[in-house]
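Using the sequences provided together with the hints, build the complete structure.
If you're matching them up, the sequences are chains A and B in order. If you use full-length UniProt numbering, the first sequence closes out at 260, no skipped numbers anywhere. If you use full-length UniProt numbering, the second sequence closes out at 318, no skipped numbers anywhere.
Bear in mind the hints are in silico, worked out from the structure with no lab data behind them. One or more hints might be untrue.
[Claimed, not checked] Computed list of chain B residues with no C-beta within reach of chain A, every gap over 10 Å:
(1) E10
(2) R15
(3) D26
(4) E98
(5) S137
(6) E196
(7) D204
(8) R261
(9) T269
(10) L273
(11) D291
[Claimed, not checked] Incomplete in silico selection of chain B near chain A, CB under 7 Å:
(12) T53
(13) V83
(14) A88
(15) S89
(16) L94
(17) K105
(18) K111
(19) A112
(20) D203
We put the CB at the ideal spot given by N, CA and C, even for glycine.
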Amino acid sequence: MSALAYDTTAMLGRQLQRVRHNPGLLILTQTMPITMLLFFGYVFGSALAMPGAEYRSFLVPGLLVATAANGIMTGMFEAARDSHRGVMDRFRTLPMSRAAVPLGQAASDLVLTTAGMVPLLLVGLAVGWRIEGTAAEAVAAVALLMLFRFAMTWIGILLGLASQSEEAAGQLGGATFILPLLSNAYIPTDNLPGWLRTAAEWNPISAVTTAVRDLFGNAPVPEGAAWPVAHPVAGSLAWCAVLIAVFLPLAVRRYATGGR
Amino acid sequence: MTSTYAVLSEGLEKRFGEVHALRGLDLAIAEGTVCGLLGPNGAGKTTAVRVLTTLLRPDAGSARIAGHDLVREPDAVRRAIGVTGQFASVDGDLTGRENLRLFAKLRRAPKAHARADDLLDRFELTEAAGRLASTYSGGMRRRLDLAASLITRPAVLFLDEPTTGLDPASRNQIWQAVRDLAADGTTVLLTTQYLEEADQLADDIALLDEGRVAHSGSPATLKALIGSYAEVVVAHADAMPQAAVVLDQLTGGEPHFDHERHAVGSVTTDPTLTLPRLVRELDAAGVPLLDASLRPPSLDDVFLRLTDSPTDRKDLVA
Ligand SMILES: Nc1ncnc2c1ncn2[C@@H]1O[C@H](COP(=O)(O)OP(=O)(O)O)[C@@H](O)[C@H]1O
Ligand SMILES: [Mg+2]
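Structural data, given as structure tokens:
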């Protein structure tokens with residue numbers, strides 16, 4: 001095994017141990033969308049033009065993507081926690097691969113959040129959501145969710161490493177809950193005023209949500225939307241590729257230099 | 001020649017904006033010796049350790065650690081060193097055992113788990129091994145930190161104020177560990193604010209003042225140079241000037257007055273000045289003496305003497 005793979009595996013193990021000792025944040029971020037599914041699905045669902053059952057089918061993919069977008073927040077918390085505590089100094093004085101610490105964090109996050117999708121999907125099934133496409137498309141939807149989570153995590157890691165304090169990272173991370181509100185995750189964007197609709201459709205969350213709805217066969221691709229939403233799978237892959245290409249190297253570099 | 005030095009630095013500089021934390025740090029630490037980097041708060045001890053352990057990049061100057069260039073071969077340097085920083089550098093979110101196992105894996109220690117257990121045992125942490133490190137006392141965390149620095153035997157061990165804030169029992173444990181390592185041939189650079197600690201552990205002491213070495217030598221030569229601190233406590237404030245006159249005749253040093261305790265003190269480098277003589281002379285002069293002592297000077301006195309006055313510095317360091 002290469003040094004990088006070995007060190008990353010060791011750091012992955014460390015992250016999983018940390019979560020085992022302190023599962024609070026993981027439990028919160030994974031149960032929140034279930035609460036939202038029940039609230040939005042039955043409270044908002046009764047006020048929308050769409051029938052309730054149809055809205056809940058529309059909502060499940062949106063919540064899956066919004067949960068994946070929480071990778072920014074979790075990535076920030078974890079990276080800030082590390083970088084403002086002494087253990088980072090020890091890693092930096094070890095002859096280990098520089099990229100292994102953030103890679104281990106991103107890898108463990110992926111493992112945990114992929115497993116964390118299961119309860120939401122089960123509650124979704126209970127409230128009427130169904131996989132209406134092929135099995136291959138459903139697998140592709142899950143893979144896309146994982147890729148998107150991975151991309152979001154790297155934004156979070158970079159912001160967390162650059163943060164002034166754990167508290168600052170906590171506040172900024174908490175503010176990221178508005179990102180899915182400016183997308184089609186919870187409501188269709190068709191009726192938004194022009195400029196807001198354009199902004200929402202260029203939100204990466206919208207492209208991924210549309211792709212996941214399309215792959216699960218829950219809702220058709222909306223007509224006349226901006227390119228990433230009109231071509232949701234290609235648009236999502238492009239968004240993820242760009243975000244990873246920008247934020248992963250920046251975060252790894254930031255870690256390696258440690259602002260020294 | 002260079003290969004006999006475990007740490008050899010020349011002209012290391014480090015600035016933080018306006019603050020010039022290191023101004024040309026020269027160190028030469030022979031292999032297998034313990035060097036005490038002694039200095040007050042803000043002298044640049046932590047900065048020196050962080051630069052020498054690859055955590056900070058120097059702005060100028062060069063250094064070789066265990067024969068490897070600090071800037072060009074940081075990974076080779078990291079393989080050769082162990083570091084215990086001034087503040088805890090273990091993961092508080094893991095247990096003590098998990099910490100050591102992780103570091104052992106990252107260091108590629110053969111039989112990582114067994115090595116971790118050995119170290120827990122050696123530093124008397126076995127009982128607490130299953131608890132999160134964030135729940136450890138200061139002394140336990142220090143020991144865990146030190147254990148983490150010793151996973152694979154380092155050629156050079158850096159310890160930044162390893163005993164500051166520890167109770168005497170924990171301090172003695174750390175001291176004993178340093179002595180054992182030194183006996184095994186590990187080179188140690190330890191920083192401290194306590195003259196006594198440097199005296200106890202170090203083969204050589206480097207006095208750090210405002211980012212450079214103001215003086216270096218063995219504890220014995222340093223002590224001979226800085227002498228001792230003679231202090232007398234008198235019965236009432238009125239007797240203090242009289243005591244100061246006698247002290248001045250005996251030591252020639254500048255008197256320090258502590259009006260609250262009715263104490264007068266001054267530094268002496270006269271080896272013939274003994275406590276009985278001090279007491280006799282003061283008594284003969286009719287000073288109402290309550291207490292008298294002749295002891296190593298405080299770090300403040302050392303610095304006052306070795307760094308503050310330009311004439312002194314020339315005389316003493318030349
Ligand atoms: N990261 C930093 N940013 C700005 N100033 C710093 C930083 N680290 C240290 N300093 C300054 O550099 C000087 C030396 O500090 P330090 O090396 O911590 O001294 P010591 O460890 O001897 O107490 C001090 O004036 C300190 O305030
Ligand atoms: Mg310090």
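Taking the earlier hints as the rules, which of them does this structure contradict? Result: hints 4, 18, 19 and 20 break, sorted rising.
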